[in-house]
Amino acid sequence: MAKLRLKSSSPDYLFLAVVFILTVFGLAMLASASSNLGKTQFNDSYYYLKHQIEFGLSLGILGFVVGYFVPFSFWKKVAFPMLLVSIATLALVFTRFGAEINSTDRWLRLGPLSFQPAELVKLVYIIYLAAWLSNTKLKRDQDLQGGLLPFALVSGIIGLLLVLQPATSTVAILLGSGLVVYFVSGAPFKYIIGMMGIGLVAVALLIFITPYRMARITGFLHQSANQQGQNYQVNQAQIAIGSGGLLGVGYGQSATKTGYLPAVIDDSIFAIVGEELGFVGTCALIALFCMFTFRLFWIAKQTGDRFGKLLLIGFGTVIAFQAFVNMASISGIIPLTGVPLPFVSYGGTALAVFLTMSGIAANVSKYRT
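The opening position of the sequence shown corresponds to residue 1247 in this note's numbering, with each subsequent residue numbered one higher.
There could be a bad hint or two in this list.
[Claimed, not checked] Derived pair list, reagent style SDA-like, types lysine to any residue, alpha-carbon separation capped at 20 Å:
| # | residue 1 | residue 2 |
| --- | --- | --- |
| 1 | Lys1323 | Gly1550 |
| 2 | Lys1436 | Leu1390 |
| 3 | Lys1436 | Leu1425 |
| 4 | Lys1285 | Ile1299 |
| 5 | Lys1383 | Leu1395 |
| 6 | Lys1612 | Ser1256 |
| 7 | Lys1612 | Trp1544 |
| 8 | Lys1383 | Phe1429 |
| 9 | Lys1547 | Leu1359 |
| 10 | Lys1285 | Tyr1497 |
| 11 | Lys1612 | Phe1540 |
| 12 | Lys1322 | Ile1333 |
| 13 | Lys1323 | Ser1380 |
| 14 | Lys1436 | Leu1399 |
| 15 | Lys1322 | Val1400 |
| 16 | Lys1323 | Val1312 |
| 17 | Lys1322 | Gly1392 |
| 18 | Lys1436 | Gly1392 |
| 19 | Lys1322 | Arg1552 |
| 20 | Lys1547 | Val1430 |
| 21 | Lys1547 | Ser1380 |
| 22 | Lys1612 | Ser1255 |
| 23 | Lys1322 | Lys1612 |
| 24 | Lys1322 | Thr1382 |
| 25 | Lys1285 | Ala1274 |
| 26 | Lys1296 | Leu1359 |
| 27 | Lys1612 | Ile1307 |
| 28 | Lys1323 | Asn1381 |
| 29 | Lys1296 | Thr1286 |
| 30 | Lys1296 | Ala1274 |
| 31 | Lys1322 | Lys1383 |
| 32 | Lys1296 | Phe1271 |
| 33 | Lys1285 | His1297 |
| 34 | Lys1296 | Gly1498 |
[Stated by the list, open to error] Quick list of simulated restraints, FRET-style, between CB atoms:
| # | residue 1 | residue 2 | range |
| --- | --- | --- | --- |
| 35 | Val1331 | His1468 | 37 to 45 Å |
| 36 | Asn1381 | Asp1290 | 47 to 55 Å |
| 37 | Leu1451 | Arg1552 | 33 to 41 Å |
| 38 | Asn1381 | Phe1543 | 21 to 29 Å |
| 39 | Lys1285 | Asn1381 | 53 to 61 Å |
| 40 | Phe1543 | Gly1496 | 31 to 39 Å |
Don't read these hints as lab results, they were simulated from the structure. Glycine included, every Cβ here is placed at the ideal spot set by N, Cα and C.
Turn these sequences into a full structure, and let the hints steer you where they fit.
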């Protein structure tokens, strides 16, 4: 490790620039998308922006600084204790410490503080997998009993706790990213196909036995029907995106955010980007996410440390998957799901976690060969 540290001392400035632009862009779009909602609910057009800065950006900057200055090898040493704590917080949401919001048990309240353990586990799960798979002596990427089965067990426990919240889309994003990390580490393709098959069967059964999940699939397959009911949100989002045209109606000029579009600061914020900034603005945002992901993959290719390489692949995949799921679902390309857009949607826990990921990734980039 010391050898790697001597070879480079500067981070990847292009990656840092992309993180900065995504963060500023997200705050700017949140300010616009939340202005009417904040005025109506709290008589303050910037209420949600202030809240995001106070509880999301401030903690995110702290997490970024810690991730940037603490050598990334440190996270390998504490990966397992972090995993245990993270799983414990996922379980605690079902106790008196949990808070139910919008019929879901996704929040944990500890005194004056509240956060979403499902967001935190995205960071911890990738760190744990990267640490666990980076030990080449044990050949966990190839072994069935010592590799695949423990991987499936840990992933299954986390997946079950998330499904019970329910946070099915988070399960798909997280475990899909875990499979990518497992595959990149050298796992046989048959293991990956087997896990994907089991996952697809589990999701199909979950949809079949859960009415609201089945309703979402039915709504997706018949988008022209029930546009005032099940398909209302996607229908309004498509109207917003379509009305933006090439260059948009102008920043802050969205008509849809005044009450027509549900979850305007959360799941639907990409539609506001499309309406206000148009096709050009949405393409620019997609390009930023692509640059973020592929830059991490490029840095991973330049990184000689196996743990650092798997970290970057995992972080890049999580954010790429989540960005795709959000933008595709609100556009009607895939079934609607409640996943926030990274760096853009309202949510302090999510922003803090993604900025912490970015800080750790920037630290890894300082040691690329």
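Checked hints:
no. : hint                            : result
1   : Lys1323 <-> Gly1550             : holds, 18 Å
2   : Lys1436 <-> Leu1390             : holds, 11 Å
3   : Lys1436 <-> Leu1425             : holds, 12 Å
4   : Lys1285 <-> Ile1299             : holds, 18 Å
5   : Lys1383 <-> Leu1395             : holds, 18 Å
6   : Lys1612 <-> Ser1256             : holds, 5 Å
7   : Lys1612 <-> Trp1544             : holds, 13 Å
8   : Lys1383 <-> Phe1429             : holds, 17 Å
9   : Lys1547 <-> Leu1359             : violated, 39 Å
10  : Lys1285 <-> Tyr1497             : holds, 17 Å
11  : Lys1612 <-> Phe1540             : holds, 17 Å
12  : Lys1322 <-> Ile1333             : holds, 17 Å
13  : Lys1323 <-> Ser1380             : holds, 12 Å
14  : Lys1436 <-> Leu1399             : holds, 18 Å
15  : Lys1322 <-> Val1400             : holds, 17 Å
16  : Lys1323 <-> Val1312             : holds, 16 Å
17  : Lys1322 <-> Gly1392             : holds, 19 Å
18  : Lys1436 <-> Gly1392             : holds, 16 Å
19  : Lys1322 <-> Arg1552             : holds, 11 Å
20  : Lys1547 <-> Val1430             : holds, 11 Å
21  : Lys1547 <-> Ser1380             : holds, 15 Å
22  : Lys1612 <-> Ser1255             : holds, 5 Å
23  : Lys1322 <-> Lys1612             : holds, 17 Å
24  : Lys1322 <-> Thr1382             : holds, 14 Å
25  : Lys1285 <-> Ala1274             : holds, 17 Å
26  : Lys1296 <-> Leu1359             : holds, 16 Å
27  : Lys1612 <-> Ile1307             : holds, 19 Å
28  : Lys1323 <-> Asn1381             : holds, 12 Å
29  : Lys1296 <-> Thr1286             : holds, 16 Å
30  : Lys1296 <-> Ala1274             : holds, 12 Å
31  : Lys1322 <-> Lys1383             : holds, 16 Å
32  : Lys1296 <-> Phe1271             : holds, 15 Å
33  : Lys1285 <-> His1297             : holds, 14 Å
34  : Lys1296 <-> Gly1498             : holds, 17 Å
35  : Val1331 <-> His1468: 37 to 45 Å : holds, 44 Å
36  : Asn1381 <-> Asp1290: 47 to 55 Å : holds, 52 Å
37  : Leu1451 <-> Arg1552: 33 to 41 Å : holds, 36 Å
38  : Asn1381 <-> Phe1543: 21 to 29 Å : holds, 23 Å
39  : Lys1285 <-> Asn1381: 53 to 61 Å : holds, 54 Å
40  : Phe1543 <-> Gly1496: 31 to 39 Å : holds, 35 Å
Taken one by one, the earlier hints fail for this structure only at number 9.
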